[in-house]
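Undergrad: In case you want the letters, here they are:
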Amino acid sequence: MRYINEFRDPATARALVERIRRDAGDAPVRLMEVCGTHTVAIARGGIRPLLSGAVTMLSGPGCPVCVTPDGYIDAAIALGMERGVLLASFGDMLRVPGKSSSLEKEKGNGLEVRVVYSPLDAVALADAVPDREVVFLGVGFETTAPAIGGAIRTAARRGVRNFSVLSSVRTIPEAMGILAADPEVRIEGFLCPAHVSVVIGTDAYRAVAERRRIPCVVAGFEPLDILLGISMLLRQRKAGVALVENEYSRVATSTGNRKAQELIREIFVPCDTGWRGIGVIPGSGLRIADAYAAFDAERKFGVPVVFAAEGTACRCGDVLKGKITPPGCPLFGKACVPEEPYGPCMVSSEGSCAAYYKYGAL
Amino acid sequence: MHEKILLSHGEGGKRTRDLIAKVIARYFDNPVLSSFLDSGLLGRIDGEIAFTTDGYVVTPPFFPGGDIGRLAVCGTVNDLAVCGAKATAISCGLILEEGLPISTLERALAGMRDAAAEAGVSIACGDTKVVERGKGDGIFITTAGVGVAVDGWRPAPSGIRPGDRIVLTGTMGDHQVAVLIARRHLAIEAPVLSDVAPLAGLLLPLLSRYAGKVRFMRDPTRGGAGVTLNEIATSANARFVLDEARLPVRESVRGVCEILGFDPLYLANEGKAVLVVAGDVAEAIVAALREHPYGREAAIIGEVTEGAAGVRMRTLSGGVRAVDYPVGDQLPRIC
Chain A
1 MRYINEFRDP ATARALVERI RRDAGDAPVR LMEVCGTHTV AIARGGIRPL LSGAVTMLSG
61 PGCPVCVTPD GYIDAAIALG MERGVLLASF GDMLRVPGKS SSLEKEKGNG LEVRVVYSPL
121 DAVALADAVP DREVVFLGVG FETTAPAIGG AIRTAARRGV RNFSVLSSVR TIPEAMGILA
181 ADPEVRIEGF LCPAHVSVVI GTDAYRAVAE RRRIPCVVAG FEPLDILLGI SMLLRQRKAG
241 VALVENEYSR VATSTGNRKA QELIREIFVP CDTGWRGIGV IPGSGLRIAD AYAAFDAERK
301 FGVPVVFAAE GTACRCGDVL KGKITPPGCP LFGKACVPEE PYGPCMVSSE GSCAAYYKYG
361 AL
Chain B
1 MHEKILLSHG EGGKRTRDLI AKVIARYFDN PVLSSFLDSG LLGRIDGEIA FTTDGYVVTP
61 PFFPGGDIGR LAVCGTVNDL AVCGAKATAI SCGLILEEGL PISTLERALA GMRDAAAEAG
121 VSIACGDTKV VERGKGDGIF ITTAGVGVAV DGWRPAPSGI RPGDRIVLTG TMGDHQVAVL
181 IARRHLAIEA PVLSDVAPLA GLLLPLLSRY AGKVRFMRDP TRGGAGVTLN EIATSANARF
241 VLDEARLPVR ESVRGVCEIL GFDPLYLANE GKAVLVVAGD VAEAIVAALR EHPYGREAAI
301 IGEVTEGAAG VRMRTLSGGV RAVDYPVGDQ LPRIC
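These protein sequences, in sequence, are chains A and B. For the first sequence, the residue numbers in the numbering used here are 1 to 362. For the second sequence, the residue numbers in the numbering used here are 1 to 335.
With the rest of the complex left out, here is chain A (with noise of 0.2 Å):
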């Protein structure tokens, strides 16, 4: 399979391990993978005891249902439960918890849940029941917002009134930005997202690069993409320079997918918006353009998204900020499973605390 063998070749894989290894100091050097598809990759390859002792890989917030606060899981339990509307959510969503419940458990008190695999599945959900209020569940960051973008662009051209997001889509490089200024993190290099990426373009990251002199390469998901872009980023660690690099130049851009950004500006406006775990970061949300305000579930309903620092004993949010990993969480693996997550970063398939949780035991 073309694109896929090549980068999962075996003695390539060996050869960069060796130079990693080289090129690392005698302490680990600390980088974070921004992405839990990142995350999910390195923990299947098994890459991460592979570099023991030489790097630690940090998992960043790059996972949209963990970043994803409980007031929001609670705004589409209202909407569901006291409005009546038919939700349409991607799979991820329906075990995260929320302040009291979850997607998964009101299913079993009457909430009516609808699991699609695309935003507009929701919006032909929406056709077919012409007399129910259908409202999407839309959680993502750049990859899936023009994916959303488009699905509402859609309902407004075919005129389809019964359809709304609840919108939590968020940007990237301002929750970099966070981490990069965070002296308690202390991040020595970002590996940053593929698809998103292939979105906004790699000159996103040049402001954490040049302001905050972190080296940043974008790289692919596969096993030598992962193990590539980490090599790259001890490279400019040695050198002493703090550049973007493209390790995944086969797909990804230094401006990005054009065409995607424009129905990003089209359709949403940024806000401040509240991060599980981290709290509000300004400017890294994306909430629905006036112009489609009757796409907006907030406030066609009137069902805000109130964001509240959680107040458990669950550290998500530290391990969301690289501060500590899963591990390091005293309720990992035992309070915390992924059966009964407490945290959504066990919840997510693409959650840090469920990929070591599922890959780590050795």
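Any given hint could turn out to be false.
Said to hold, decoys possible - Just a few of them, taken from the derived set where beta-carbon distance is under 10 Å, the chain A residues facing chain B:
{"hint": "1", "residue": "Arg8"}
{"hint": "2", "residue": "Ala13"}
{"hint": "3", "residue": "Arg48"}
{"hint": "4", "residue": "Pro49"}
{"hint": "5", "residue": "Ala128"}
{"hint": "6", "residue": "Val337"}
Unchecked claim - In silico SDA-like pairs for lysine to any residue, Cα to Cα no more than 20 Å straight-line:
{"hint": "7", "chain 1": "A", "residue 1": "Lys107", "chain 2": "B", "residue 2": "Val327"}
{"hint": "8", "chain 1": "B", "residue 1": "Lys135", "chain 2": "B", "residue 2": "Val57"}
{"hint": "9", "chain 1": "B", "residue 1": "Lys135", "chain 2": "A", "residue 2": "Lys105"}
{"hint": "10", "chain 1": "A", "residue 1": "Lys105", "chain 2": "B", "residue 2": "Val327"}
To be verified - Each pair of labels, with its calculated beta carbon distance range:
{"hint": "11", "chain 1": "B", "residue 1": "Arg296", "chain 2": "A", "residue 2": "Ala78", "range": "53 to 61 Å"}
{"hint": "12", "chain 1": "B", "residue 1": "Glu251", "chain 2": "A", "residue 2": "Thr253", "range": "46 to 54 Å"}
{"hint": "13", "chain 1": "A", "residue 1": "Arg132", "chain 2": "B", "residue 2": "Lys135", "range": "21 to 29 Å"}
{"hint": "14", "chain 1": "B", "residue 1": "Ala245", "chain 2": "A", "residue 2": "Gly240", "range": "49 to 57 Å"}
{"hint": "15", "chain 1": "A", "residue 1": "Gly91", "chain 2": "B", "residue 2": "Ala245", "range": "24 to 32 Å"}
{"hint": "16", "chain 1": "B", "residue 1": "Gly12", "chain 2": "A", "residue 2": "Ile4", "range": "35 to 43 Å"}
Hints were generated in silico from the structure; no laboratory data involved. Beta carbons: idealized from backbone N, C-alpha and C, even for Gly.
Fit chain B to the known structure of chain A by using the hints.
TA: Showing chain B alone in chain A's frame:
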């Protein structure tokens, strides 16, 4: 004959008799069933008797490579085969939804008939119920099966020891991907056929030919090889180490998995078996499996080693990771 199933087809009166005599009996014609007694009389059975049951609710009922009828026969034949037993007779319980086209029922019956003929098993008893429209999903089938075990062989996870090899009889995930594509919710087209097949002819000859060398067998259906291997490792208190490079996956299935983010290890199969065998005969067993049409892509996928119980995998990148049970997948009914 009405072209659709009506509630009266399940009420025990004339319509029920007509359905059995004019439709079902046309497909299942054998001396045991044809006497229409309240039980099938199987005669004397010599040897250890194995007995199993399963329900089939797959949607859609017809998919590339198979159908609910073939699945209902093969599933039960295979549950017997992995316990070392050759199926002798199976039952056929039909739960039909009011309004089901009778032609649909006939297609499923033809699937059962053909699979039963291939497996050399007779359908010896049956039952038909009809539920109101909206209370079922077209057609559900339950089968129970009786089989006779190969003399002297018993599945024994406790016999699994370091140095044994883990063999998979072919590619992973074909059935689940074929069904998922047939559901048409994914907007993906790929030429993938379900692997649904009866495995007694593939597996049972090995048990006498390699007496004492085959420790355990199981068919990796729901949950795939990943779950089956965890179950075996747990009950044997053994450590299995798989080799990612040796896992057989069809190119088209791999493509679908890459796009959708599925792991073939956790996808269901309906015509595959996992075997734990002694290291000294593993190559010979794979060669023997490959002689059979249902074992062409058989491979040694890993080994039993010393160490903490569980399943681990040597990855292509040279690392090692855990292979655990999956939690709460969102995938639809596939068997």
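Undergrad: None of the hints should be skipped; say for each whether it holds.
TA: Consistency of the hints with the structure:
1. The interface hint given for A/Arg8 holds, since its Cβ lies 5 Å from the closest Cβ of chain B, which is under the 10 Å cut-off.
2. For A/Ala13, the interface hint holds, since its Cβ comes within 10 Å of a Cβ in chain B; the closest pair sits about 4 Å apart.
3. Hint status for A/Arg48: holds, given a least beta-carbon distance of 8 Å to chain B, under 10 Å.
4. Because the smallest distance between the Cβ of A/Pro49 and any Cβ of chain B comes to about 6 Å, under 10 Å, the interface hint for this residue holds.
5. For the restraint placing A/Ala128 at the interface with chain B, the shortest Cβ-Cβ distance is roughly 13 Å, beyond the 10 Å limit, so the hint is violated.
6. Interface restraint check: A/Val337 against chain B, minimum CB-CB distance 8 Å, threshold 10 Å, status holds.
7. Restraint check: the Cα-Cα separation between A/Lys107 and B/Val327 comes to about 18 Å, which is no more than 20 Å; the hinted pair holds.
8. Using a Cα cut-off of 20 Å, the hinted pair B/Lys135 and B/Val57 holds, with the two alpha carbons roughly 13 Å apart.
9. With a C-alpha separation of about 24 Å, the suggested pairing of B/Lys135 with A/Lys105 is violated against the 20 Å cut-off.
10. Under the criterion of a C-alpha separation no larger than 20 Å, the hint pairing A/Lys105 with B/Val327 is consistent with the structure, at around 16 Å.
11. Between B/Arg296 and A/Ala78 the Cβ separation comes to about 56 Å, which falls inside the hinted range of 53 to 61 Å.
12. The given range of 46 to 54 Å is broken by B/Glu251 and A/Thr253, whose C-beta atoms sit roughly 29 Å from each other.
13. Checked against the given bound of 21 to 29 Å, the beta carbons of A/Arg132 and B/Lys135, roughly 23 Å apart, stay inside it.
14. For the hinted restraint 49 to 57 Å between B/Ala245 and A/Gly240, the CB-CB distance of approximately 39 Å leaves it violated.
15. For A/Gly91 and B/Ala245, the Cβ-Cβ distance of about 30 Å falls inside the hinted range of 24 to 32 Å, so the restraint holds.
16. Between B/Gly12 and A/Ile4 the C-beta distance comes to about 58 Å, which lies outside the given range of 35 to 43 Å.
When held up to the earlier numbered hints, the structure conflicts with 5, 9, 12, 14, 16 and fits the remainder.
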